[in-house]
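For the sequence shown, position 16 (counting from the first letter as 1) is numbered 16 according to UniProt numbering, and the numbering increases by one without interruption.
These are calculated hints, taken from the structure and not from any lab test. The model shown is predicted, which means the values in this text are computed figures rather than measured ones. It cannot be assumed that every hint is accurate.
To be verified - With a Cα cut of at most 30 Å, we get these calculated DSBU-like pairs of lysine-lysine:
id: 1; residue 1: K83; residue 2: K93
id: 2; residue 1: K23; residue 2: K93
id: 3; residue 1: K23; residue 2: K83
What the hints assert, rightly or not - Derived DEER-like restraints, expressed as beta-carbon distance ranges:
id: 4; residue 1: V15; residue 2: S66; range: 38 to 48 Å
id: 5; residue 1: R92; residue 2: V56; range: 18 to 28 Å
id: 6; residue 1: S58; residue 2: P30; range: 25 to 35 Å
id: 7; residue 1: Y9; residue 2: R35; range: 12 to 22 Å
id: 8; residue 1: S66; residue 2: S105; range: 14 to 24 Å
Don't be surprised by glycine CBs; every beta carbon is placed ideally from N, CA and C.
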Amino acid sequence: MEQYPEGYYIHDCSVGCSLSPWKEVSSLVPESSARSADIFIPSWSLGCPAALDVTVVSPVQQQTLSQAASEHRYALLVAEERKNVVHLEGCRKIGVIFQPVAVESL
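Model the full assembly from the supplied sequences, consistent with the hints where possible.
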(Lines of atoms letter the chains of each structure in order from A; the text may use other names.)
(Lines give C-alpha, C1' and ligand atoms only; values in the text may rest on other atoms or scores of the structure.)
Protein backbone atom coordinates (compact mmCIF):
# COMPACT_ATOMS: atom_id res chain seq x y z
CA MET A 1 0.00 0.00 0.00
CA GLU A 2 1.28 3.45 -0.92
CA GLN A 3 2.27 5.80 1.93
CA TYR A 4 0.26 9.02 1.94
CA PRO A 5 1.03 12.19 3.86
CA GLU A 6 -1.73 13.13 6.31
CA GLY A 7 -4.92 13.90 4.46
CA TYR A 8 -3.95 12.88 0.93
CA TYR A 9 -6.22 9.83 0.98
CA ILE A 10 -9.11 12.08 2.01
CA HIS A 11 -8.14 14.47 -0.79
CA ASP A 12 -8.16 11.69 -3.37
CA CYS A 13 -11.56 10.44 -2.16
CA SER A 14 -12.89 14.01 -2.36
CA VAL A 15 -11.67 14.26 -5.95
CA GLY A 16 -13.54 11.03 -6.71
CA CYS A 17 -16.69 12.61 -5.26
CA SER A 18 -16.28 15.70 -7.50
CA LEU A 19 -15.78 18.04 -4.51
CA SER A 20 -12.87 19.91 -6.19
CA PRO A 21 -10.62 19.84 -3.09
CA TRP A 22 -7.35 21.74 -2.73
CA LYS A 23 -4.35 20.33 -0.82
CA GLU A 24 -2.52 22.11 2.00
CA VAL A 25 -4.02 25.58 1.71
CA SER A 26 -1.87 28.18 3.43
CA SER A 27 -2.98 31.68 4.44
CA LEU A 28 -6.67 30.80 4.29
CA VAL A 29 -7.37 33.17 7.18
CA PRO A 30 -6.14 36.74 6.57
CA GLU A 31 -3.40 37.94 8.94
CA SER A 32 -2.65 34.38 10.05
CA SER A 33 0.37 32.30 9.12
CA ALA A 34 -1.25 29.10 10.42
CA ARG A 35 -2.21 26.48 7.84
CA SER A 36 -5.82 25.74 8.76
CA ALA A 37 -6.59 23.33 5.93
CA ASP A 38 -4.86 20.16 4.87
CA ILE A 39 -7.86 19.75 2.57
CA PHE A 40 -10.00 22.71 1.46
CA ILE A 41 -13.36 22.00 -0.14
CA PRO A 42 -14.77 25.12 -1.84
CA SER A 43 -18.42 24.06 -1.62
CA TRP A 44 -19.31 21.79 1.29
CA SER A 45 -22.45 22.08 3.42
CA LEU A 46 -25.14 24.44 2.10
CA GLY A 47 -22.59 25.83 -0.36
CA CYS A 48 -20.18 26.95 2.38
CA PRO A 49 -16.49 26.11 2.01
CA ALA A 50 -14.84 23.73 4.47
CA ALA A 51 -11.33 23.41 5.85
CA LEU A 52 -10.41 19.87 6.92
CA ASP A 53 -7.37 19.69 9.19
CA VAL A 54 -6.05 16.13 9.40
CA THR A 55 -4.03 15.01 12.41
CA VAL A 56 -2.74 11.59 13.43
CA VAL A 57 -2.45 11.01 17.16
CA SER A 58 -1.25 8.15 19.33
CA PRO A 59 -3.34 7.30 22.39
CA VAL A 60 -0.20 6.01 24.12
CA GLN A 61 1.58 9.37 24.11
CA GLN A 62 2.67 10.64 27.51
CA GLN A 63 0.10 13.45 27.87
CA THR A 64 -2.96 11.30 27.09
CA LEU A 65 -1.98 7.80 28.18
CA SER A 66 -3.59 7.72 31.63
CA GLN A 67 -6.95 9.09 30.44
CA ALA A 68 -6.94 7.18 27.12
CA ALA A 69 -6.70 3.90 29.01
CA SER A 70 -10.09 4.48 30.63
CA GLU A 71 -11.87 6.98 28.37
CA HIS A 72 -12.75 5.91 24.82
CA ARG A 73 -11.55 8.37 22.13
CA TYR A 74 -9.79 10.60 24.68
CA ALA A 75 -6.66 11.19 22.56
CA LEU A 76 -8.84 12.00 19.53
CA LEU A 77 -10.89 14.53 21.47
CA VAL A 78 -7.74 16.21 22.83
CA ALA A 79 -6.29 16.46 19.31
CA GLU A 80 -9.53 17.86 17.88
CA GLU A 81 -9.80 20.44 20.67
CA ARG A 82 -6.18 21.52 20.12
CA LYS A 83 -6.96 22.13 16.43
CA ASN A 84 -10.21 23.96 17.26
CA VAL A 85 -8.41 26.34 19.63
CA VAL A 86 -6.01 27.35 16.87
CA HIS A 87 -8.29 27.48 13.80
CA LEU A 88 -12.04 27.39 14.53
CA GLU A 89 -12.69 31.06 15.24
CA GLY A 90 -10.56 32.36 12.36
CA CYS A 91 -12.34 30.11 9.89
CA ARG A 92 -15.74 31.01 11.29
CA LYS A 93 -14.99 34.72 10.79
CA ILE A 94 -14.41 34.21 7.07
CA GLY A 95 -17.40 31.90 6.59
CA VAL A 96 -15.46 28.64 6.35
CA ILE A 97 -16.57 25.50 8.18
CA PHE A 98 -13.59 24.17 10.14
CA GLN A 99 -13.47 20.43 10.75
CA PRO A 100 -10.58 18.71 12.50
CA VAL A 101 -10.15 15.12 11.32
CA ALA A 102 -8.27 13.17 13.98
CA VAL A 103 -7.28 9.53 13.55
CA GLU A 104 -5.48 7.24 15.98
CA SER A 105 -2.33 5.32 15.26
CA LEU A 106 -0.31 3.23 17.67
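Hints and how they fare:
In summary, the hint linking K83 to K93 is supported, as the alpha carbons are separated by about 16 Å, within the 30 Å threshold. For the suggested pair K23 and K93, the alpha carbons sit about 21 Å apart, so the restraint of at most 30 Å is met. Between K23 and K83 the alpha-carbon distance is near 18 Å, which keeps this suggested pair within the 30 Å criterion. The supplied range of 38 to 48 Å is met by V15 and S66, whose beta-carbon atoms lie about 40 Å from each other.
A hinted range of 18 to 28 Å for the beta carbons of R92 and V56 is consistent with their spacing of about 25 Å. Taking the beta carbon of each, S58 and P30 are about 34 Å apart, inside 25 to 35 Å as hinted. Here the CB-CB span from Y9 to R35 is close to 18 Å, well matched to the stated 12 to 22 Å. Between S66 and S105 the beta carbon distance is about 19 Å. The supplied range of 14 to 24 Å therefore holds.
In this structure, every one of the numbered hints holds.
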